[in-house]
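S.K.: Chains as they are written, first to last, in the working numbering: chain A, 2 to 292; chain B, 117 to 374; chain C, 2 to 361.
Treat the hints as calculated values from the structure; they're not laboratory data.
Hints may be right or wrong, so weigh each one.
DMTMM-like, lysine to aspartate or glutamate: derived pairs with alpha carbons at most 25 Å apart [stated by the list, open to error]:
{"no.": "1", "chain 1": "C", "residue 1": "Lys7", "chain 2": "C", "residue 2": "Asp22"}
{"no.": "2", "chain 1": "C", "residue 1": "Lys332", "chain 2": "B", "residue 2": "Asp207"}
{"no.": "3", "chain 1": "C", "residue 1": "Lys7", "chain 2": "B", "residue 2": "Asp312"}
{"no.": "4", "chain 1": "B", "residue 1": "Lys287", "chain 2": "C", "residue 2": "Glu210"}
This structure is a prediction, so every number in the text was calculated from the model and none was measured.
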Amino acid sequence: MEILQLTVSGLANGCIYGLIALGFVLIYKATEQVNFAQGDMMMLGAFLAVGLGNADWLGMPFLVACAGAVAGMAAVGWSMERLVLRRIFGQSQVTVVILTIALGFVLRFVAGLVWGHEPLSLENPLAGSNARFAGLVLGLDEVAVIVVTLLLTGLLFVFFNRSRLGIAMQASSQNQLAAYYMGIPVRRIHGLTWALAGAIAAIAGILFATKGSIDPSAGLLGIKAFAAAVIGGFGSLPGALLGGLLVGLSEPFAARFIAAGYSQIIPYALLIVVLLLRPQGLFSQVMGKKV
Amino acid sequence: MTLLETEAVTVRFGGVVALHEVCLQVQSGEIFAIVGPNGAGKSTLFNLVSRFLDPDTGDIRFEGRSLLAQPPSAIAGLGIARTFQNIELFDHASVLQNLLIGRHTSRRASLPAQLLFLPSVRREEIAHREAVEQVIDFLELQPYRERMIAGLPYGIRKVVELGRALATGPKLVLLDEPASGLSVEETRDMGFWIRDLRDRMGITVVMVEHDMNLVSAISDRVLALSEGRVVVTGPPELVQSHPEVVSAYLGDAPEAVK
Amino acid sequence: MRFRFKEHYDQDIRLFADLADGLRYGSLLLGAVLLPFVLDDFLLGEATSVVIWAIAGMGLMLLTGHAGQVSLGHAAFLALGCYVNAILMNSFGLPFPLAFLLAGVISGLCGVAVAIPALRLHGLYLAIATLALSMLTEDIIVLAEPWTGGVIGLTAPTPEIAGLVIDRYAAPDLFYWLCLGVAVLVTLGYRNLLRSPLGRAFIAIRDSEISAQAAGISLARTKAAAFGLSCMVTGWAGALMGHFFYSFNHEVFTIILSIQLLLMIVIGGLGSIHGAWYGAVIVGLIPQAINLVRDAVGTVAVPGLETSLFSVLIVLFVLYEPHGLHGRLTKWKVWLDLFPFCRRDMFRRQKSYLRTERFR
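Could you put together the complete structure from these sequences and hints?
M.R.: Spelled out as structure tokens, the structure:
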């Protein structure tokens with residue numbers, strides 16, 4: 002029974018990691034940019050929902066607040082691409098890494114300025130209610146996290162593999178110049194991708210703040226999610242989710258069966274092992290350069 | 117004397133056979149050209165000699181010794197230098213630095229000596245500079261000595277890449293399409309240089325080239341490849357008129373050409 | 002504009018291009034040496050911190066700016082140098098000079114050990130692996146409590162060289178000179194390296210691994226040397242940092258420190274020793290500038306303002322001056338030299354399109 006409990010809480014955490022990782026992978030797949038600010042976007046999304054929904058702030062109905070946060074973060078993602086990343090279009094990945102790290106710091110600062118540095122929790126209809134299922138007591142919030150994540154991943158998977166826009170996004174990532182010549186509006190696609198990643202970050206943030214509490218440094222969670230994305234193989238959406246789940250599951254079990262201090266280490270140790278054994282992640286896409 | 121020799125090398129990429137039992141022998145002091153349509157395996161052959169690729173079967177020998185046990189970084193030290201089809205220079209360094217990097221195999225100074233820049237290191241650096249200056253004189257690169265590669269025109273970069281190969285003090289240079297992308301005048305200069313480096317420096321040249329005028333003007337022997345197989349080896353006139361070569365380049369309508 | 006006529010190869014090789022150049026750097030050094038006579042203790046402490054940051058910056062610059070290996074984990078090596086130095090002095094009773102030297106050497110050896118697996122990783126993946134290394138360091142420090150004192154941390158004993166007690170609080174000027182001395186030696190060694198074959202090999206593997214190999218450069222040996230030297234210098238910076246903070250624990254060496262170090266050398270300008278120094282000066286000046294503004298306006302402290310200002314600076318530099326402060330200053334100098342003949346398009350960047358890095 003304890004194992005099951007650990008599994009569910011691990012899965013719920015893993016879903017959050019997985020969702021942030023999805024954001025990374027989404028942007029990477031479509032634009033070949035690596036967004037180190039994804040964790041901070043998640044944090045900002047959560048704060049937007051808190052700001053719109055909580056009674057102390059604007060006090061809107063829960064679902065309206067959620068929709069508002071998702072829309073707001075889509076706008077933030079889109080404007081980050083439009084105002085900043087578009088200007089370094091075509092430069093090396095490492096430049097993008099540095100730039101997005103800096104943007105993440107700025108987002109963190111803004112959130113701290115508006116919402117303060119005390120942890121806040123998102124008021125929601127699911128808080129505190131449990132589902133009883135085959136003799137098992139599960140927090141409804143945890144169940145909701147898992148369900149929403151699965152739905153979202155499925156939707157994105159279909160989008161990338163079936164829809165014209167999704168395929169265009171993939172094409173533009175593999176060779177921007179060629180995609181440009183083929184008449185794919187590369188720039189508009191990049192903007193849309195960032196908006197989508199912002200929306201996903203907001204959903205991850207809302208789920209995170211429903212389950213626990215949020216403060217401006219929660220964005221550092223992004224690093225763990227980043228580990229998840231790499232473990233799952235950059236460039237694979239289901240892989241990102243699996244990586245997230247793996248990291249999420251490893252934590253409670255490590256804390257329970259090894260020692261409390263080791264649960265922190267596990268994700269990164271896992272990451273290093275994966276990088277060394279399969280340097281390009283579990284679902285490798287890298288091939289040799291032709292000379 | 118045979119300088120470079122491949123013995124029945126075969127390379128497969130997945131299901132594709134890039135080279136099939138290719139044998140060639142390059143004599144010391146010759147200019148040896150490799151021609152063939154795109155995808156014939158010309159660059160693959162160079163990458164084998166540079167040790168960026170391993171053959172599935174066969175052997176590659178330089179001065180009678182097998183190269184297969186050598187890592188890529190040991191090839192320059194044995195006396196084989198090369199250029200690349202899509203120029204691979206060090207873009208954020210000056211022409212001078214690029215050429216000096218070519219002198220890497222003849223460095224002697226230890227790490228502590230370099231950190232302290234002992235007089236021995238200074239003498240060595242000056243010797244490197246002198247060697248590089250000769251290459252600069254030979255290729256007439258004086259105006260570009262201090263310029264960054266990133267700002268240079270294509271034709272000059274091509275020459276710098278040749279210069280870097282020469283700076284290693286090679287016995288054999290592999291030139292991958294030395295004239296591609298060059299203007300008519302630049303191609304003519306390149307031809308002179310290639311001949312000069314054989315005649316004046318005694319360097320053996322193996323080149324992959326599409327420009328048949330250049331090939332027939334300067335090369336002693338030509339090897340034609342098609343779909344990974346050797347079609348014919350011989351003097352340029354012979355190879356150029358060989359029906360299989362003509363059909364490989366122009367497609368299957370050999371009647372009119374004959 | 003002055004034109005330097007070159008008559009000897011040595012003119013390209015020697016430390017300073019000409020007399021004026023030598024005089025300029027000489028007077029700069031003299032000014033730095035005389036600083037303790039001008040500044041009060043607080044500002045001298047800030048200056049010391051700038052010098053230590055510059056040493057750490059040079060360590061990372063060597064690896065990232067010259068050898069092209071991006072590290073998001075250099076806080077790990079700062080920590081290593083810091084703890085090794087303190088442990089050697091505390092537990093083994095080694096004298097400061099020996100402990101300090103060993104701290105750098107051990108960090109360097111660990112750097113070489115990291116380089117071996119890192120050989121298989123490129124660009125982004127190396128950045129990720131070093132990021133993980135940095136995250137792990139914090140936890141390992143806590144777990145290795147018998148050595149590191151866990152969350153309580155350690156205190157660094159007062160350094161002593163040949164009977165001279167260099168107390169960071171009682172004799173801030175001596176401590177400043179110690180740091181400055183180390184920084185000058187590191188700068189000289191760095192400069193020497195850049196005009197030697199190994200420095201050129203670093204640049205070669207940064208710009209094209211494939212043709213570096215064709216030129217006879219061994220990737221494994223060169224990367225190991227880059228990691229080793231870089232981590233050695235960073236370890237020394239860490240050891241000095243330990244003395245500077247006096248007491249420290251795992252919270253000093255977070256991922257944020259790694260990131261700040263990387264951002265610092267980007268602001269300063271990647272690929273130049275100047276860049277590391279400029280970056281360190283900027284890092285040192287930002288808090289002072291904020292203090293000045295705060296005193297003038299009279300507002301309360303805003304947490305995170307420094308990092309955020311710093312980040313905005315980074316964004317502006319990456320967008321408008323990718324070569325950092327060093328690049329910007331060089332352009333101004335050229336503009337002044339050529340005045341009034343400078344054309345607008347002289348510094349125009351080439352448009353670049355990204356091809357996927359999934360193929361390399």
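S.K.: All the hints need checking, so say for each whether the structure fits it.
M.R.: Verification of the supplied hints:
1. C:Lys7 with C:Asp22: It holds: about 15 Å lies between the C-alpha atoms, which stays within 25 Å.
2. C:Lys332 with B:Asp207: With a Cα-Cα distance of about 19 Å, the restraint between Lys332 (chain C) and Asp207 (chain B) holds, given a limit of 25 Å.
3. C:Lys7 with B:Asp312: Violated. Lys7 (chain C) to Asp312 (chain B) sits at ~29 Å, over the 25 Å cutoff.
4. B:Lys287 with C:Glu210: Since the Cα atoms of Lys287 (chain B) and Glu210 (chain C) sit roughly 23 Å apart, the hinted pair holds (cutoff 25 Å).
In this structure, the one hint that does not hold is number 3.
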